[in-house]
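Note that the protein sequences, when read in sequence, are chains Z and F. Everything in the first sequence is counted per this note's numbering, starting at 1297 for the first residue and increasing by one. Everything in the second sequence is counted per this note's numbering, starting at 2 for the first residue and increasing by one.
What the hints contain is simulated information worked out from the structure, not anything from laboratory work. Here a beta-carbon is modelled for each residue, glycine too, at the ideal position from N, C-alpha and C. Please note: incorrect hints may appear among the correct ones.
What the hints assert, rightly or not - Here are the computed lysine to aspartate or glutamate pairs in the DMTMM-like style, where the Cα-Cα straight-line distance is at most 20 Å:
1) F/LYS219 to Z/ASP1328
2) F/LYS219 to Z/GLU1301
3) F/LYS215 to Z/GLU1301
4) F/LYS61 to Z/GLU1301
5) F/LYS119 to F/GLU59
6) F/LYS215 to Z/ASP1328
Unchecked claim - A short list of chain F residues far from chain Z (calculated; beta carbon distances all over 10 Å):
7) GLY76
8) ASP98
9) LEU185
Chain by chain, the residues:
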Amino acid sequence: MHISEGVLSPAVLAGGAALAAAGAAIGLKKMDYEAIPRVAILSAAFFVATLIHVPVGPVGAHLVLNGLMGLLLGWVAVPAILIALFLQALLFQFGGLTVLGVNTVIMAAPALIAYYVFQPLLRQQGPIASVAAFACGFTAILLSGVLMAAALLFSGEAFWPAAQLALLAHLPGMIIEGLVTLFVFQYFKKTQPALLAKLYG
Amino acid sequence: MRRYCLTAAKKSVWAGLLLVLLVSATPAWAHRVLVFAYAEGQNIHIESKLVPDTPVKEGKVLISDKQSGKVLITGQTDALGKFACPIPPEAVAQRLDLLIVVEAGMGHKGEWLLKAEKYLPGAAAGVPAVPAPSAPATAAPAAVASPASPPATAQPVDAQALEEAVSRAVARELAPVKEMLAELTMHRTSLTDVIGGLGYILGIFGLWAYFLSKRQGKS
């Protein structure tokens, strides 16, 4: 999921940086005092999850948890992802500082989209909400793959091979992310109904 | 009582989750492309890996001049993530610093700068071999055999052969050391790094919470 430095064209880099900055600003505005511990924990989870690497597919895959972050955080997912990616770029040279904006958009935009699309369904009772939670994790990765392919396309790499590769590589990831999102959603529903009621009341 | 049990269970679940994350985090890392290149004799050897230890199979290799960006050699890594090619003659002639890029696809890319002085000593053994026969008596003996006064005709040739043999032997002996260096140069993410990163995240949000609480306190 992390695009390396020097792959993308300057226009894509600038666009990504602008979008990420705007999204992070909105997210920070929306982050209230009570949300901070939740944001910090999910940011930390994202930070570790994107480091754990399973050798599947051509370049390997890792959890992203962006669907889960969208589900639990909404707009605040953007600064949470931005901070984790910033530290990864700084500490491990994953991605890089110039690509930070684009990488943030690739992972945070699907989180937001999933949040808005599945919000009404997550409010429902019973199996519909569970299916929506699974779909939330699943589609977030799908959209991330598409966005990544698009970023590569605008920088000259052929779109279809890259997109197919990205989708194929992320297919196991989509299913696993869907399941993880589902389980965490169910867990919170049982143990922290107040938290979810606030978001999906 | 029930409430207490619930919170205790919650705490243990969180602790368990954290433990699982930390333990599983130790050996495995996301994909950064690592590239290491060295010259041996007249060849450039390139090794590339996706962190932690997967070779970049059939990755695209681009060797270019650092300054002009002109691509000198393109190729593909083999199943072990390795690639070897002769040092481009124009790079030797112009003492170019070579930028070696390996692309693993999907935006994954790593690079290594092979400076001119790093590969020229290796190439030097081969390069004078070309001008030496044309000008046997003038330049070469002056450089090689200055202390030895008897100007024997066979000596320059011997010195040359000797030098080549020595550099070959040294290259052979050094190859494992260079591979070891390659391993060491590849900075692997350690548990300490990860825990440090987590600390930063908590610290940043802690600061944010602090400033928010101050602002709320004022209003």
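Here is how each hint holds up against the structure:
1. F/LYS219 to Z/ASP1328: holds (16 Å)
2. F/LYS219 to Z/GLU1301: violated (43 Å)
3. F/LYS215 to Z/GLU1301: Violated - the C-alpha atoms of Z/GLU1301 and F/LYS215 are around 39 Å apart, more than 20 Å.
4. F/LYS61 to Z/GLU1301: Distance ~16 Å between F/LYS61 and Z/GLU1301 Cα, so the pair holds.
5. F/LYS119 to F/GLU59: violated (26 Å)
6. F/LYS215 to Z/ASP1328: holds (13 Å)
7. GLY76: holds (18 Å)
8. ASP98: holds (17 Å)
9. LEU185: Correct as stated: the minimum Cβ-Cβ distance to chain Z is 16 Å, above 10 Å.
Checked against the numbered hints listed earlier, the structure breaks hints 2, 3 and 5; every other hint is satisfied.
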